[in-house]
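Asks: Listed below are the residues making up each chain.
There are 4 protein chains.
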Amino acid sequence: MTHKVAFIGMGIMGQPMAKNVLARGHEVMVFNRHVEKTLPLAEFGAKVARTPVEAAQWADVIILMLTGPEAIDAVVFEENGLLTGRVEGKTLINMSTVSPAYTRQIKNALEPHGVVFLDAPVSGSKKPAEDGSLVILASGPREAVVEMEPLLLTMGKKVVYCGDAGQGSAMKMVINLLLGIMMEGLCEAVNLGQRLGLGTETILDTVLSGPLGCGLFNLKAGMLKSGTFPTQFPFKHMTKDIRFVLQTADNAGAAVPAGHALFQVFRQGLGQDLGDLDFAAVKEVLETMSDR
Amino acid sequence: MTHKVAFIGMGIMGQPMAKNVLARGHEVMVFNRHVEKTLPLAEFGAKVARTPVEAAQWADVIILMLTGPEAIDAVVFEENGLLTGRVEGKTLINMSTVSPAYTRQIKNALEPHGVVFLDAPVSGSKKPAEDGSLVILASGPREAVVEMEPLLLTMGKKVVYCGDAGQGSAMKMVINLLLGIMMEGLCEAVNLGQRLGLGTETILDTVLSGPLGCGLFNLKAGMLKSGTFPTQFPFKHMTKDIRFVLQTADNAGAAVPAGHALFQVFRQGLGQDLGDLDFAAVKEVLETMSDR
Amino acid sequence: MTHKVAFIGMGIMGQPMAKNVLARGHEVMVFNRHVEKTLPLAEFGAKVARTPVEAAQWADVIILMLTGPEAIDAVVFEENGLLTGRVEGKTLINMSTVSPAYTRQIKNALEPHGVVFLDAPVSGSKKPAEDGSLVILASGPREAVVEMEPLLLTMGKKVVYCGDAGQGSAMKMVINLLLGIMMEGLCEAVNLGQRLGLGTETILDTVLSGPLGCGLFNLKAGMLKSGTFPTQFPFKHMTKDIRFVLQTADNAGAAVPAGHALFQVFRQGLGQDLGDLDFAAVKEVLETMSDR
Amino acid sequence: MTHKVAFIGMGIMGQPMAKNVLARGHEVMVFNRHVEKTLPLAEFGAKVARTPVEAAQWADVIILMLTGPEAIDAVVFEENGLLTGRVEGKTLINMSTVSPAYTRQIKNALEPHGVVFLDAPVSGSKKPAEDGSLVILASGPREAVVEMEPLLLTMGKKVVYCGDAGQGSAMKMVINLLLGIMMEGLCEAVNLGQRLGLGTETILDTVLSGPLGCGLFNLKAGMLKSGTFPTQFPFKHMTKDIRFVLQTADNAGAAVPAGHALFQVFRQGLGQDLGDLDFAAVKEVLETMSDR
Numbered sequence: 001m002t003h004k005v006a007f008i009g010m011g012i013m014g015q016p017m018a019k020n021v022l023a024r025g026h027e028v029m030v031f032n033r034h035v036e037k038t039l040p041l042a043e044f045g046a047k048v049a050r051t052p053v054e055a056a057q058w059a060d061v062i063i064l065m066l067t068g069p070e071a072i073d074a075v076v077f078e079e080n081g082l083l084t085g086r087v088e089g090k091t092l093i094n095m096s097t098v099s100p101a102y103t104r105q106i107k108n109a110l111e112p113h114g115v116v117f118l119d120a121p122v123s124g125s126k127k128p129a130e131d132g133s134l135v136i137l138a139s140g141p142r143e144a145v146v147e148m149e150p151l152l153l154t155m156g157k158k159v160v161y162c163g164d165a166g167q168g169s170a171m172k173m174v175i176n177l178l179l180g181i182m183m184e185g186l187c188e189a190v191n192l193g194q195r196l197g198l199g200t201e202t203i204l205d206t207v208l209s210g211p212l213g214c215g216l217f218n219l220k221a222g223m224l225k226s227g228t229f230p231t232q233f234p235f236k237h238m239t240k241d242i243r244f245v246l247q248t249a250d251n252a253g254a255a256v257p258a259g260h261a262l263f264q265v266f267r268q269g270l271g272q273d274l275g276d277l278d279f280a281a282v283k284e285v286l287e288t289m290s291d292r
Numbered sequence: 001m002t003h004k005v006a007f008i009g010m011g012i013m014g015q016p017m018a019k020n021v022l023a024r025g026h027e028v029m030v031f032n033r034h035v036e037k038t039l040p041l042a043e044f045g046a047k048v049a050r051t052p053v054e055a056a057q058w059a060d061v062i063i064l065m066l067t068g069p070e071a072i073d074a075v076v077f078e079e080n081g082l083l084t085g086r087v088e089g090k091t092l093i094n095m096s097t098v099s100p101a102y103t104r105q106i107k108n109a110l111e112p113h114g115v116v117f118l119d120a121p122v123s124g125s126k127k128p129a130e131d132g133s134l135v136i137l138a139s140g141p142r143e144a145v146v147e148m149e150p151l152l153l154t155m156g157k158k159v160v161y162c163g164d165a166g167q168g169s170a171m172k173m174v175i176n177l178l179l180g181i182m183m184e185g186l187c188e189a190v191n192l193g194q195r196l197g198l199g200t201e202t203i204l205d206t207v208l209s210g211p212l213g214c215g216l217f218n219l220k221a222g223m224l225k226s227g228t229f230p231t232q233f234p235f236k237h238m239t240k241d242i243r244f245v246l247q248t249a250d251n252a253g254a255a256v257p258a259g260h261a262l263f264q265v266f267r268q269g270l271g272q273d274l275g276d277l278d279f280a281a282v283k284e285v286l287e288t289m290s291d292r
Numbered sequence: 001m002t003h004k005v006a007f008i009g010m011g012i013m014g015q016p017m018a019k020n021v022l023a024r025g026h027e028v029m030v031f032n033r034h035v036e037k038t039l040p041l042a043e044f045g046a047k048v049a050r051t052p053v054e055a056a057q058w059a060d061v062i063i064l065m066l067t068g069p070e071a072i073d074a075v076v077f078e079e080n081g082l083l084t085g086r087v088e089g090k091t092l093i094n095m096s097t098v099s100p101a102y103t104r105q106i107k108n109a110l111e112p113h114g115v116v117f118l119d120a121p122v123s124g125s126k127k128p129a130e131d132g133s134l135v136i137l138a139s140g141p142r143e144a145v146v147e148m149e150p151l152l153l154t155m156g157k158k159v160v161y162c163g164d165a166g167q168g169s170a171m172k173m174v175i176n177l178l179l180g181i182m183m184e185g186l187c188e189a190v191n192l193g194q195r196l197g198l199g200t201e202t203i204l205d206t207v208l209s210g211p212l213g214c215g216l217f218n219l220k221a222g223m224l225k226s227g228t229f230p231t232q233f234p235f236k237h238m239t240k241d242i243r244f245v246l247q248t249a250d251n252a253g254a255a256v257p258a259g260h261a262l263f264q265v266f267r268q269g270l271g272q273d274l275g276d277l278d279f280a281a282v283k284e285v286l287e288t289m290s291d292r
Numbered sequence: 001m002t003h004k005v006a007f008i009g010m011g012i013m014g015q016p017m018a019k020n021v022l023a024r025g026h027e028v029m030v031f032n033r034h035v036e037k038t039l040p041l042a043e044f045g046a047k048v049a050r051t052p053v054e055a056a057q058w059a060d061v062i063i064l065m066l067t068g069p070e071a072i073d074a075v076v077f078e079e080n081g082l083l084t085g086r087v088e089g090k091t092l093i094n095m096s097t098v099s100p101a102y103t104r105q106i107k108n109a110l111e112p113h114g115v116v117f118l119d120a121p122v123s124g125s126k127k128p129a130e131d132g133s134l135v136i137l138a139s140g141p142r143e144a145v146v147e148m149e150p151l152l153l154t155m156g157k158k159v160v161y162c163g164d165a166g167q168g169s170a171m172k173m174v175i176n177l178l179l180g181i182m183m184e185g186l187c188e189a190v191n192l193g194q195r196l197g198l199g200t201e202t203i204l205d206t207v208l209s210g211p212l213g214c215g216l217f218n219l220k221a222g223m224l225k226s227g228t229f230p231t232q233f234p235f236k237h238m239t240k241d242i243r244f245v246l247q248t249a250d251n252a253g254a255a256v257p258a259g260h261a262l263f264q265v266f267r268q269g270l271g272q273d274l275g276d277l278d279f280a281a282v283k284e285v286l287e288t289m290s291d292r
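Chains as they are written, first to last, in our numbering: chain G, 1 to 292; chain S, 1 to 292; chain R, 1 to 292; chain A, 1 to 292.
There may be inaccurate statements among the hints.
For chains that are exact copies, the list does not tell them apart, and a pair is met inside one copy or across any two.
As a list, the in silico EDC-like pairs of lysine to aspartate or glutamate whose alpha-carbon atoms are at most 16 Å apart [to be verified]:
#, residue 1, residue 2
1, Lys158, Asp205
2, Lys157, Asp205
3, Lys4, Asp73
4, Lys236, Asp250
5, Lys240, Glu27
6, Lys107, Asp164
7, Lys236, Asp291
8, Lys37, Glu27
9, Lys240, Asp291
10, Lys47, Glu27
11, Lys240, Glu143
No wet-lab data here; the hints were simulated from the structure.
Please put together the full structure from these sequences, using the hints given.
Replies: Written as structure tokens, this is what we have:
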């Protein structure tokens, strides 16, 4: 079954994800606050909406891939937002990373309007988004998730069913916590090794050839070797995501001592103007924090 | 070329490593402070020495796989220690985990006696030791490392040359820092997920199927699912190793904020009597630290 | 000039503060959600209101001394709340501890109704509240603060003018951060000393007789000597206050590494059921975190 | 009773302390590795020794006020060190800050030579050293401490008896932990307040007028107001002292989470070249760690 998909949010992630949906045979109408970001998709054959509500009216499935609560609130509730049109019976899939608490809030606001609400954030950044190899953390009514699975699999290699709406975001918090700690760990290790006189290449080869080797480290090894950090997942977004994680952990009463250590390092990085680099640039913060 | 190998230290790691040396055609004489730990190797065909010096006199290569500086000092310097016999021209390979500073100290004490000193700690625990799939972090004179490489490869799948003696231990510090942080990260993430109502199995499957999946997490997933922690690498040894890492980082002036967070969690675990469990039991410390 | 003061909130702090207002010649009508907490004041001569709005209608000055945003929202906005009556021209002084962000929010909600809004949290706990020796961190229009100063000085020994409304709460965050860190510091120091074999009394006498000696440590020394923690300022409220501090620091982009360390210790304490003890019971958390 | 006092170590602390000993009627012979540092005392009437052993031979009481273990080892064990002469029956008072472990080590090395060994580090920095208002943390045989008390009171206002030799150093660790945490706390609080728009003077006045006010904060308030940090107690020495504290806490199995947070901030400060400023310059590290 093919869908008419309103894809809202054309950032680093949204563009390649929408492209994959389109490439696998669905119809796609895109919207972005800055219309120039919709051009690559338009060239690729997507329709372009001038407002969120226009896209939503046309579609039977609405996908949100936005930077956070403020952006979602804007496309849902504000002038020309989704709720200024009829949305009854449509499925809305929020794939943006937000806290479980916000997810439940937006769900409670949307369901009275007859929307089927799914929560499906993703694990993976720019590269897996391009390859369609994201892991999709889906939650909401099980039958609705099952129905949307073929559509979701145009963007990812795997759909994990996490439970009621909100649980996908919960899983995303879990993954992001681990993601941040592992990146921090690799950078602390490489920085330590460099100061002990080991070669960066030797360090990374040793890590990658043993039980600590993983896709993430493989992806970032080149950045650490070259000392340049072209953006796959922006440092400032990671910082924001860690903030969501800490708030969620605090609400849940869960101890996250490494998470707290992490947050302070990332926050210092914002002050060092690293926000727009890849989040592997946390290595540069650690250099500042070390003796010179 | 086959060697006569004195293998000193029959702990969790030493036993399977010595077995692999023997199985690949070298002669082996083992020593352990508690002689009963040498029995499995004796049954397997190894000679058993009553003193360190007896093993060392007989061998051309001496391997140390001991718990730390105190144990090494004992077999080298004390009554019936290696230096009570002639060791000139023999190769001594220290595979125990110690700090780079101690490695250089022991090297400086041994070389005047004509010993060729190599430093070759390993990455990997019980299972890779049994499978002969350790990664061996070798340092010392390059030609001596090359000469010993076939012997080392009876125990491991890869030999990484790290530089002058001491640099193998430096690399081990780097690996241990990352190992500890990753284990802590996985446990913080699983603990958070559980408190958010996610299934442990779902969490681990999600982690393992994405870019964070790695051999370590694969090895420990069963422990986290069952909540039991049969020892592969003891919690108390990991705590000791993190202490070495922090000292080394401090001497090197390297910032290790997650490393410090880690240490406090592990130290609390010693107080909770987790020392003899696997170090994945850090999960239990995090539970204590969380709301109930 | 004497005032008719509506005093809302009869907790550990509110009761003695209202008593001092009354004792210095002002008329007082008190309100508390649980009416039995108003009895001591009634016996002392205060009027008792059945609803917040009743007290507010009668008074020219309304003082709030409540546990946090939820309690304030309830007495202001809900059924029988202040805003269900006319409040034009009255002065409302919020002395509860809340974040600067919430303070500005409540100010913006009240001012359109003609209220003169002041923000005046206090430094000091139960004992200074009884003695009338609180330090009052007042903010809002300067002339209004000046006008209210005599009334405020019935409760405290000093009024510090902090700036526009919200800045009193900002100062309170600053004081609470330091308060928490100092209490944590004293407890880490005493715990360390005890484990090193020093007498608790000797440690405290040494601290108190030198440049680190202060009113806070003097107040808590007895608790640490006896190992009992009768409540002056509840552990759970301190934990809540540290959370406000961290949120405020995060919004302001201010690094608070010791603050983060602190929060984790306090949160662990909630899990150990210390919430209702005095916050000096953080000592007990540190014992749990130490080797046994 | 007057003594012939060998005073070894003419740093920021040693000079004014030796001056006070001399001023109160004892004879004093000073030694310092760099002889020019002995000049102020020579002008004031002290004898100057060319070697440690010369001073020790002449004296009946030997006081050490040095920067750490290396400096002590040098004046005791090396060429022209104390032990190259007869020291039997003399009293040696180590007033330098070192760990309890090192104290016991040096005591064990000295006592076989007939020395009466006392351990008497001080609480207080440059100003109290000049005023003779230090608090002296004395340990060793009780009768020896009692005998030396009049001499010690020429340098301090109070002698606290802490127990067997080593316990004075233990107390010093306790005091230094608290000192570091309080300074860190004040600087985090002031930095937060400044970012919230509060005046530095208002913040400090509020702190000083309430239960958190203490001699330390009074001493440092001027530095924080002016943003300049003329050295009373050098940042680099505080960093070294925190390192001793953490090692001691680790050996004792005592949890010091704020202590660990502190250490990382101070270590970062060394990298920012703050080492020679007063340790209140930790404020500048926090600024670097905050958003700009």
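Asks: Against this structure, judge whether each hint is valid.
Replies: Evaluated hints:
Taking CA atoms no more than 16 Å apart as the test, Lys158 paired with Asp205 passes between copies only; the shortest distance there is 11 Å, against 29 Å inside one copy. For the homomeric pair Lys157 and Asp205, the shortest alpha-carbon distance between copies (14 Å) is at most 16 Å, but the shortest distance inside one copy (27 Å) is not. Proximity of Lys4 and Asp73 under a CA criterion of 16 Å is satisfied in neither setting, with 23 Å inside one chain copy and 44 Å between copies. Only between protomers do Lys236 and Asp250 lie at most 16 Å apart by alpha-carbon distance; the minimum there is 14 Å, versus 21 Å within a single protomer.
In the homo-oligomer, the alpha carbons of Lys240 and Glu27 never lie at most 16 Å apart, since the shortest distance is 32 Å inside one protomer and 50 Å across protomers. Taking identical chains as interchangeable, the C-alpha atoms of Lys107 and Asp164 lie at most 16 Å apart only when both belong to the same chain, with a minimum of 11 Å there against 38 Å between chains. Taking the shortest Cα distances, Lys236 and Asp291 sit within 16 Å of each other only across copies (12 Å), while inside one copy they are farther apart (25 Å). In this assembly of identical chains, Lys37 and Glu27 lie within 16 Å of each other by CA distance neither inside one copy nor across copies; the values are 18 Å within and 65 Å between.
In this homomeric assembly, Lys240 and Asp291 come within 16 Å of each other (Cα to Cα) only across copies, at 14 Å, whereas the closest approach inside a single copy is 28 Å. For the identical chains of this complex, Lys47 and Glu27 are intra-copy neighbours only, at 8 Å inside a copy versus 70 Å across copies, given an alpha-carbon limit of 16 Å. For the homomeric pair Lys240 and Glu143, neither the shortest alpha-carbon distance inside one copy (32 Å) nor that between copies (41 Å) is at most 16 Å.
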